[in-house]
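Once you've looked at the hints, dock chains S and C against the given chain W.
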Amino acid sequence: MTPVIALSLFGIINLFLGFTFKRQSLQVVTLLFIICSMALTAMDWNHEYLWFGDMMKTNNLSINFSLIIQLAGLLVVAFSNGFGKDEVYTQPAEYYAILLFSLVGALLMVSFQNLIMLFVGLEILSVAMYVLTGSDKRNLRSNEAALKYFLMGSFATGFLLFGIALVYGSTRSLYISGILYNLSHTAPESLPSFLYAGIILMGIGLLFKISAAPFHFWTPDVYEGAPTIFTMFMSTVVKTAGFAAIYHILDVTFGGFQKNWIITVYFITIITLILGNISAAYQQSAKRMLAFSSISHAGYMLLTVCANQPSTSSNILYYSLAYTLATAVSFAVLMVVAEYQTGRTEKPENFDALNGLAKNNPSLAFAFTVALLSLAGIPLTAGFWGKFFVFTDMFNKNLTYPIIIAVLMSAVGIYYYFKGIISVYFNSGEIEKIETSFLFKIALWSACIGTLVLGIYPTLLKSIF
Amino acid sequence: MNYQPSDFLPIFVQLAAAMGFIVFTMIVTHILGPRRSTKLKDEAFECGIESQGDARTPISIKYFLVAILFVLFDIEIVFMYPWAVNFKQLSWTGFWEMAVFMGLLLAGFVYVIKKGILKWEK
Amino acid sequence: MSSILFIPLLPLIGFLINGLSFPKLSNPVAGIIGTIPPLAAFALSLQLFLQFDGNTQIVPLLDWISVGELSIPIAFQIDQLSLLMLLIITGVGTLIHVYSSAYMSHDEGFGKFFAFLNLFVFFMLLLVMGSGFVTLFIGWEGVGLCSYLLIGFWNKKNSYGDAARKAFIMNRIGDLGFLIGIFLLFQEFGTATYQEVFEAIKAGNGSNLGLIAFCLFIGAMGKSAQIPLFTWLPDAMAGPTPVSALIHAATMVTAGIYMVIRANVLFEMSPEVLHFVGWIGLATALLGAAIGLFQNDIKKVLAYSTVSQLGYMFMGLGASAYTASFFHVMTHAFFKALLFLGAGSVIHAMSDEQDIRKMGGLKSQLPITYITFLLGTIAIAGIPPFAGFFSKDEILAHLYHHDIVMWALAIVGSALTSFYMFRVFIVTFHGDFRGTQHQADHLHESPIAMTLPLIVLAVLSVIGGIINLPAFVGGNEFLAHWLNPILPEGSHEALEVHFASLEFLAPLAAAFIPAIFAIQLYGSKKAVPAADAEISGIQKIIYDKFYIDEAYNFLFVKPIQFLSQFFYSFIDFLIIDLLVESTGKFVKSSSNELRKLQSGNIGFYIFMMVAAIAIILAWTLKSWIF
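Chains as they are written, first to last, in my numbering: chain W, 1 to 465; chain S, 1 to 122; chain C, 1 to 626.
One chain only, chain W, in its complex shape (with noise of 0.2 Å):
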């Protein structure tokens, strides 16, 4: 697990950079190291490593979970442009720091071996999210945001600490071998009912992660109030971990109590769907839209969970990775427009503050269309296939009705995503030129770029995953 050492030191190194370097130049050295770690990441494929005492694995799977994640990571910091020009109240080296850390919990999340670990994980990237979320210190719904994160997060997490001592003392262990072990060797009628509500507020700590409903309250309020950069990480490094997390405590640990705790994760499942596609419908504010919007794909993700087919976890895998480009590049976007528009505008993070973007920056709205057809699952985007496989996954397992309510949610879907790309296209706006710094568009375009070849090409990564 080199990448969660390299990371640890790199995040060390980035807060004493902060005394001598600058701003942009921090945010070039940020991208180097995530690139390192990345590359740390990949030295390790096919072999299978145990780290810290057995409490950690890593495997394939693991390690193309690590690699979406740290591509999130890498994404938002080119995004970033440095923290912008407002050099007073941004600390870059800070805001830097707690990046890299936080990617260090999303790595401890993917590949923990030991329930302390996966703890010890979610906590180093939430604490992380709290402080980010807070970061915009003069605005007020940032303040909120993270109060109000802090506290629902804080209460869930008791959730899954209950979880965990339940599951502890039902099965006398915290190794995901020794549980499995001591449950197979025990008869199903001895197993103590507590196991069950381990299991139950397990998931249930881990669903709030993700925003599923109804532990949600908390996304469309934090989404809003932070900073849009933490907004964006929070959504794509979170989201991939979490279910990353998910999969192996449900499906790979538990996945023989299925019946147990299948029939909970259905309804919260049909619950996320149409509660985040159908708030979403009637958002005037586009970064509401795409907090409900990341609720919703959280609901396509859990369909995948239910089915517990082999395929799962390269499910999740693609559906991660065509989730992340979308969500950053139309994150990014929306980013950039609000900062253009704010003194222009009442409210610059509304849709009607996108009118008339494609006039004069033709290749930001392009980029937000990709990214919306994307989210939208439209074919040709690397989000059709993601929700192809999803349904693929559910017809295979005979799941009707759940495919039918998340066909028609979808197509609610492509109402609330289209009404970006009206904005985008056919209303009229003063929209001047954008500038914005290479690293942007770079980034940008090889998220849209990205989105485009895994829409055309799916078997490119399929056949990896």
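Hint data in this document are derived by calculation from the structure and do not stem from the laboratory. Since this is a predicted model, take the numbers as computed values, not measurements. Keep in mind that the hints are not guaranteed to be accurate.
Said to hold, decoys possible - Straight-line C-alpha distance at most 30 Å; calculated DSSO-like pairs for lysine-lysine: (1) C:K596 <-> W:K347; (2) W:K359 <-> C:K596; (3) W:K259 <-> C:K622; (4) C:K596 <-> W:K137; (5) W:K441 <-> C:K24; (6) W:K359 <-> C:K622; (7) C:K156 <-> C:K558; (8) W:K22 <-> W:K433; (9) W:K433 <-> C:K588; (10) C:K588 <-> W:K419; (11) S:K88 <-> W:K22; (12) S:K119 <-> W:K22; (13) S:K39 <-> W:K137; (14) W:K433 <-> C:K156; (15) W:K347 <-> W:K397; (16) C:K112 <-> W:K347; (17) C:K112 <-> W:K433; (18) W:K441 <-> C:K112; (19) C:K622 <-> W:K397; (20) W:K137 <-> S:K115; (21) S:K114 <-> W:K137; (22) W:K22 <-> S:K115; (23) W:K22 <-> S:K62; (24) W:K359 <-> C:K24; (25) W:K419 <-> C:K585; (26) W:K419 <-> C:K596; (27) S:K62 <-> W:K137; (28) W:K359 <-> C:K157; (29) W:K347 <-> C:K588.
Chains S and C only, in chain W's frame:
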């Protein structure tokens, strides 16, 4: 080892005794104590001096920073105790691990100083 | 191996460079960047051709989609057929790129034009190199798109845009049939790669072969402009002339013929469809030739001539004369590209005048164009020993043995062809100049970049016949032997032809007599086609293209418009407004209600969470609790 419920009896006795004492003293002081209420006595914070202003005044962030840093560095000592006790068994591995730990802590300390958090006047 | 991948890749790179840097590159640079890829691809194809050892080569590129049972690979197949197509596309393509660099030199969209041309070459190569129907279809759609873009290249004029749309829509109708054919293939065989499908058919598997062949042929009808989907091709002349030469004469429109030859195994299993193919071809050939008789727009004449020649090719296919048809594809690529480019040269000299009634006597000013156009005319008329004679004669010879009625009608068509081509030639180049003084002052021979392709193509049109010189005149029938491995066994039997037979003499008469008649009428008597208003009687009907466009308009467009009006006023109101919109409204209002859950009150949030957890736990542990 199998515990019978009866084995827990002393604990319950202890619990009952403790609670009984508290309840008993509270009731008894209420009954026995004399009651003379004055305006000053009914104030929220009764200390003999008239209270002034609002309790919720902003306090300099430095108070919190110093306090939390104190807690942070103080708590790390907790790890040192078991380490020191088991120093021989842990041998060099343990030494290097603790060195890394202290190194990280030291890095944090240097960072704190360079950030100027401990400079009170600024 | 790797060079195979470069053949389609190079034009794609050319497209990307020219397309992305369109207004910034200067015209000469864009021209060079645009011309090198097809030239290099031609060199690579030639190398492949010379090194070809007779074994079909499959180059797997990627596994495009693999979901469950369905797997669609994308691979290139190099065999006898695709190699020849590669040579035609890249060879003629290169010449036309060179030609365009001069022809389009004054155009604002020069770089864009080359980008589109390169993209077209890429898709066309994909079409012929693909190892399965899916890859073929990608190329098929791609060339359709490029054709659309290039027909409407001068999109400032509305009618050009309409022509582009017409081409696209007509092609889409055909493509729908093609797509259904591919779906049926998947349903029947679970795959659409040539080798697997054809092996399965040879092994006697699969039913519905007739239906599949028919659906595929519908696609060919659209792409190769056969009745009833042919009216887009004459309109497609709105595009720049090099485009007409490359796309609408030499390459894209022959894709349908290529596809039928490629799928000969399938078509051989369904003789009734082949029969249909033959008669459609015949009807198209006659109709095209007849309309061509009295057209006065030089490009329109050539367009109808293309329609008619394509009809000949399909006739050949209908008689299972695959080699002959392919032979005609090749020679037609030479002489029709030549004629179009010659016409382009004339139009260029005449300052964009296309009406032959306003030309005349151009032979002295445009000597190279004159000679090369003459050679092209002789070739298409079927006068020996030019290329067109051999290829057309071979189709006719097969028809003679296949169906004597078809043969006789084809001879009539051949006579018409000879007449209208010589008519155009004489009226354009001989007689007195009938244009304005301004045009007369500007008459000039085209630059070398335009005349060179003309000369090369003229040489090919003259000697192209040797590719498949029949045995009875001492040839070795190279093409027949070359294509033999991929064609059904026994499809090529050496036809015994006697010099003195009707079979041999009738086509000759059909070539010579109308030619002499046309020279007499328009050359010696100096007759000039009448102005539009003076045309009457049956000639007017023909001149107005048998009113087919109007008939289509009445039969299809009007009813569809009526239907859409009906849908708009009733169905739209009933279903869209009431049903769909009320669904939308329902979603929106429920969204509005659900939104209120998001109160921002953290106490409420946590309460909801705890309530949910309580319910979930109660549900999970119900068997222990109750």
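For this structure, which hints from the list above don't hold up? 2, 6, 9, 11, 13, 15 and 16
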